[in-house]
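Student: Below, each chain spelled out in residue letters.
2 protein chains.
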Amino acid sequence: MKTTEQTTEEIRNGVNVTALRETIEAVKSDPELADFKFRASNAWEDGSRNLATVRDFHGTKADHMHKDELHVRMDEPPVLLGQDTGLNPVEVLLSALSGCMTTTLAYYSANLGLELESVKSEYEGDIDLKGFLGIDPNIRKGYKEIRVKFRVKGNATEEQVMDIVRCSPVFDAISNPVPIKIEIVKE
Amino acid sequence: MKTTEQTTEEIRNGVNVTALRETIEAVKSDPELADFKFRASNAWEDGSRNLATVRDFHGTKADHMHKDELHVRMDEPPVLLGQDTGLNPVEVLLSALSGCMTTTLAYYSANLGLELESVKSEYEGDIDLKGFLGIDPNIRKGYKEIRVKFRVKGNATEEQVMDIVRCSPVFDAISNPVPIKIEIVKE
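Quick mapping for you: the protein sequence lines, in order, are chains A and B. Here the first sequence is numbered in my numbering, starting from 47 and rising by one per residue. Here the second sequence is numbered in my numbering, starting from 47 and rising by one per residue.
Hints were generated in silico from the structure; no laboratory data involved. A portion of the hints provided could be inaccurate.
The list treats identical chains as one, so a pair stands whether inside a single copy or across any two.
Stated by the list, open to error - Only pairs whose alpha carbons sit at most 30 Å apart, straight line, appear in this in silico DSS-like list of lysine-lysine: (1) 107 / 227; (2) 176 / 107; (3) 166 / 113; (4) 190 / 83; (5) 232 / 83; (6) 83 / 227.
Everything numeric in this text was worked out from a predicted model, so none of it was measured.
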């Protein structure tokens, strides 16, 4: 007697764990699938105002278009001589860190069989503007330190959450050096 | 005969250079004015979806509210098991870099008397997902390298633009290590 085979997808924390594990197996058998290139462009408007646009990326040996063009509008608040029409870039950096640590927690927890009920987090970073303003060349221009606080409901222990969020790609990119190559074209 | 004294503000590249120089002088006489703390929070929604919110920051010895709450909506594209309703966090990181290098160019050029006509830039970063997916512990989880291309119209030389954009705080934060302290609270 034939039995009907049913495909059941395991969904945990809103993450398709079946697809995640299939992805891991696919990459193991064809490592080139894992080479991703993410892209953004930026157009300066005036003063502190500019707009970042994200359209496409490369991965799984193909270029992919986002469903819609995605934007981040940036500006500075009045105390930093802007008009406050958008996030400032160092706030966008904290936002990137927040999104990445959160998604990493959701994906890794799902794969480990840990259930999350709610995840909230707070970020604060210190910048001494004497660096950027050129007043003291010994003061760095970027963040001196960033502090992160996660509030998690679910069955993961504090130690598990700590180990997982440190696997975030943006956490890596900020806490360790990334080489940045710059080309300037005069038009 | 009395002459009417007129206050003329020097505006260049949309930047109030008079106010910028006053800020530099104010900080020189009271360095504590330069201590800024930028903040963000994040709420996980489900799977790859989460929302970063920026409300306030500290600087010039006071807390400041943004005019409006500012948000970055994040998600992953389908090939990374999301629904593509927002930028993914590593794209937000490139956006932060783009905004910061651009604003740095506008502000520093204004202060140096250089006129910008147009500034566009492109960003591409490489991530080998074998790191994040836990397939190879020797592969880093974040960007291996980021490439930046600026297209600038104006009277700054290529060398001047190169020197200036490397003063960006986010450029510093990504190309050099930033200590990140994490606290986990189970609720």
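Student: Could you run down the list of hints and mark each one as holding or not?
Tutor: Here's how the hints hold up against the structure:
In this assembly of identical chains, residue 107 and residue 227 lie within 30 Å of each other by CA distance solely inside one copy; the values are 24 Å within and 36 Å between copies. Within a single copy, residue 176 and residue 107 get their C-alpha atoms only as close as 45 Å, which misses the 30 Å cut-off; across copies the closest is 14 Å, which meets it. For the identical chains of this complex, residue 166 and residue 113 are neighbours both inside a copy (27 Å) and across copies (23 Å), given an alpha-carbon limit of 30 Å. Within a single copy, residue 190 and residue 83 get their C-alpha atoms as close as 28 Å, and across copies as close as 10 Å, so both meet the 30 Å cut-off.
In this homomeric assembly, residue 232 and residue 83 come within 30 Å of each other (Cα to Cα) only inside a single copy, at 26 Å, whereas the closest approach across copies is 35 Å. Taking CA atoms no more than 30 Å apart as the test, residue 83 paired with residue 227 passes in both settings, with 15 Å inside one copy and 28 Å between copies.
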